[in-house]
Amino acid sequence: MSRFREFLKETSAKLDLPQPEKSRILLEIASDMEDLYEVYREKGMDEEAAAARTIEKFALSDEALADLVSVHQSPLQRLLGRISAQACARWERILIALVVCFAIATAGRSLLTTRLFDQANAYVWPILTLAVAILALAAYHAGRLYILRRHRERNLRRGIHWILGLGTASLVVGFTGFTVELYRTVLRGVDDTSRALVYFVGWALGASATLIVSMFVAIVAAVIWFVIVDKVKRIEIAEASWLIE
Amino acid sequence: MSGFEPLEAQNLTKNFNEALILAILSRGEKHGYQLALEIEERSGALFRFNHGTLYPILHKLEKESMIEGVWRREGPKKKRKLYTLTKKGRAYLGWQAAEWRRFMKTFTSIVEEDAV
Numbered sequence: 001m002s003r004f005r006e007f008l009k010e011t012s013a014k015l016d017l018p019q020p021e022k023s024r025i026l027l028e029i030a031s032d033m034e035d036l037y038e039v040y041r042e043k044g045m046d047e048e049a050a051a052a053r054t055i056e057k058f059a060l061s062d063e064a065l066a067d068l069v070s071v072h073q074s075p076l077q078r079l080l081g082r083i084s085a086q087a088c089a090r091w092e093r094i095l096i097a098l099v100v101c102f103a104i105a106t107a108g109r110s111l112l113t114t115r116l117f118d119q120a121n122a123y124v125w126p127i128l129t130l131a132v133a134i135l136a137l138a139a140y141h142a143g144r145l146y147i148l149r150r151h152r153e154r155n156l157r158r159g160i161h162w163i164l165g166l167g168t169a170s171l172v173v174g175f176t177g178f179t180v181e182l183y184r185t186v187l188r189g190v191d192d193t194s195r196a197l198v199y200f201v202g203w204a205l206g207a208s209a210t211l212i213v214s215m216f217v218a219i220v221a222a223v224i225w226f227v228i229v230d231k232v233k234r235i236e237i238a239e240a241s242w243l244i245e
Numbered sequence: 001m002s003g004f005e006p007l008e009a010q011n012l013t014k015n016f017n018e019a020l021i022l023a024i025l026s027r028g029e030k031h032g033y034q035l036a037l038e039i040e041e042r043s044g045a046l047f048r049f050n051h052g053t054l055y056p057i058l059h060k061l062e063k064e065s066m067i068e069g070v071w072r073r074e075g076p077k078k079k080r081k082l083y084t085l086t087k088k089g090r091a092y093l094g095w096q097a098a099e100w101r102r103f104m105k106t107f108t109s110i111v112e113e114d115a116v
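One line per chain: the protein sequences are A and B, in this order. Residue 1 is where the first sequence starts when you use my numbering, and the numbers rise one by one after that. Residue 1 is where the second sequence starts when you use my numbering, and the numbers rise one by one after that.
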């Protein structure tokens, strides 16, 4: 493939996709170029002419490159891919572990008691439902990747981003509960000003307890998502190196 | 309703390319470069397919499960991606053929009427 190396390097530089998608596409182009080159040679072209004709035939316009990128990744996936790609160094992993330890240390003890859930407002129930869904999804993907080792599936990432989506949803529910309950508390305080402070303290207790739960669920979801995406990335890179070897 | 995007003046090129690729694949599995060569050969060089424009179409069809791409080892060092038509792709091809017949009939009737 050395005769097309320069062409492939240029195409690689213009193809704005993460690994291993980029390697797979380049490998497909490279192998097809070699075959077309052989076809031209069999037709009687000399090496130089056959290579030039092949390169001319495989020229990817800017529009074609943009189409390839949009086929393989939505803007959201590109963003998520970049986020997960940020944390590959050892110190970045340590930083994530520290964040988790901090979250467990600050909220973990409270979460282990029923008191926090008694104090939380009604919005804690949808958050707990989301937490159960996150754990179920995490168990499914962990079983698929670590136990069953179904590494040859066509799309290993399918459904993984739902974990992050559900974590975000728990935050949204937590903050919605915070503002809706605040509004209701203010209305009650206006109707009965003598008990306004009591209502306000009751709201602050319920809203903060609910937010602790929602933020904890979101942090756990983010960590699970990162670990699973990292595993998928390793599998994909291993597959890409098998293809290119 | 077929569930497929209807053939319209705005998406003619897209549908045209997809129909040609699916038609060639309906005869058996092919590599990407073979598709472009066969389209050119079978059309008597009337339809010249740039290989560079082929991949976005192939990958889109693969993503939509119209075709399936599988990597195969051919020889000790060679690995090639082969494409085959799926059941969904065959149904889409049938729909495309009917749409193109309808389109050409309408087009010809308008053009011939005005050319006389």
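Keep in mind the hints are simulated off the structure, nothing from the lab. In this text the structure is predicted, and so the values were computed from the model without any measurement. A couple of the hints might just be wrong.
Not the full set, but computed from the structure, chain B residues with beta-carbon under 7 Å of chain A [stated by the list, open to error]:
1. S43
2. K60
3. R80
4. K81
In silico EDC-like links for lysine to aspartate or glutamate, alpha-carbon gap of 20 Å or less [as the list claims (entries may be wrong)]:
5. B:K30 to A:E34
6. B:K63 to A:E42
7. B:K78 to A:D16
8. B:K60 to A:E63
9. B:K14 to A:D67
10. B:K60 to A:E21
11. A:K9 to A:E34
12. B:K60 to A:E42
13. B:K63 to A:E38
14. A:K43 to B:E62
15. A:K22 to B:E29
16. B:K78 to A:D35
17. A:K9 to A:D46
18. B:K79 to A:E63
19. B:K81 to A:E34
20. A:K43 to B:E113
21. B:K14 to A:D35
22. A:K22 to B:E68
23. B:K78 to A:D67
24. B:K81 to B:E5
25. B:K79 to A:E21
26. B:K81 to A:E21
27. B:K79 to B:E5
28. B:K81 to A:D35
29. B:K14 to A:E42
30. B:K30 to A:D62
31. B:K60 to A:E38
The calculated label-pair distances, taken between Cβ atoms and stated as ranges, are [unchecked claim]:
32. B:A97 to A:R3: 23 to 29 Å
33. A:A105 to B:N50: 56 to 62 Å
34. B:K87 to A:K43: 33 to 39 Å
A virtual CB, placed ideally from N, CA and C, is assigned to each residue, including glycine.
Hint by hint, here is what the structure shows:
1. S43: violated, 16 Å
2. K60: holds, 5 Å
3. R80: holds, 5 Å
4. K81: OK, holds: K81 (chain B) within 7 Å of chain A, min 5 Å.
5. B:K30 to A:E34: holds, 15 Å
6. B:K63 to A:E42: violated, 34 Å
7. B:K78 to A:D16: violated, 26 Å
8. B:K60 to A:E63: With Cα atoms ~14 Å apart, K60 (chain B) and E63 (chain A) stay inside 20 Å; holds.
9. B:K14 to A:D67: holds, 12 Å
10. B:K60 to A:E21: With a Cα-Cα distance of about 14 Å, the restraint between K60 (chain B) and E21 (chain A) holds, given a limit of 20 Å.
11. A:K9 to A:E34: Holds, because 15 Å separates the two Cα atoms, which is no more than 20 Å.
12. B:K60 to A:E42: violated, 32 Å
13. B:K63 to A:E38: With a Cα-Cα distance of about 30 Å, the restraint between K63 (chain B) and E38 (chain A) is violated, given a limit of 20 Å.
14. A:K43 to B:E62: Judged against 20 Å, a Cα distance of about 31 Å means the pair is violated.
15. A:K22 to B:E29: violated, 24 Å
16. B:K78 to A:D35: Cα-Cα ~10 Å, so holds.
17. A:K9 to A:D46: violated, 24 Å
18. B:K79 to A:E63: violated, 28 Å
19. B:K81 to A:E34: holds, 13 Å
20. A:K43 to B:E113: Given that 20 Å is the threshold and the Cα spacing comes to 45 Å, the pair is violated.
21. B:K14 to A:D35: With Cα atoms ~26 Å apart, K14 (chain B) and D35 (chain A) exceed 20 Å; violated.
22. A:K22 to B:E68: Answer holds: K22 (chain A) to E68 (chain B) is near 19 Å, not above 20 Å.
23. B:K78 to A:D67: Judged against 20 Å, a Cα distance of about 27 Å means the pair is violated.
24. B:K81 to B:E5: Given that 20 Å is the threshold and the Cα spacing comes to 28 Å, the pair is violated.
25. B:K79 to A:E21: holds, 16 Å
26. B:K81 to A:E21: Holds, at about 14 Å.
27. B:K79 to B:E5: violated, 34 Å
28. B:K81 to A:D35: holds, 12 Å
29. B:K14 to A:E42: This hinted pair is violated, its Cα atoms lying about 32 Å apart.
30. B:K30 to A:D62: At roughly 26 Å apart (the allowed maximum being 20 Å), D62 (chain A) and K30 (chain B) break the hint.
31. B:K60 to A:E38: With Cα atoms ~27 Å apart, K60 (chain B) and E38 (chain A) exceed 20 Å; violated.
32. B:A97 to A:R3: 23 to 29 Å: For A97 (chain B) and R3 (chain A) the Cβ distance comes to about 40 Å; the hint is violated.
33. A:A105 to B:N50: 56 to 62 Å: Taking Cβ atoms as reference, A105 (chain A) and N50 (chain B) lie about 60 Å apart, which means the hint holds.
34. B:K87 to A:K43: 33 to 39 Å: For K87 (chain B) and K43 (chain A) the Cβ distance comes to about 36 Å; the hint holds.
In this structure, the earlier hints numbered 1, 6, 7, 12, 13, 14, 15, 17, 18, 20, 21, 23, 24, 27, 29, 30, 31, 32 are contradicted, and the remaining ones agree with it.
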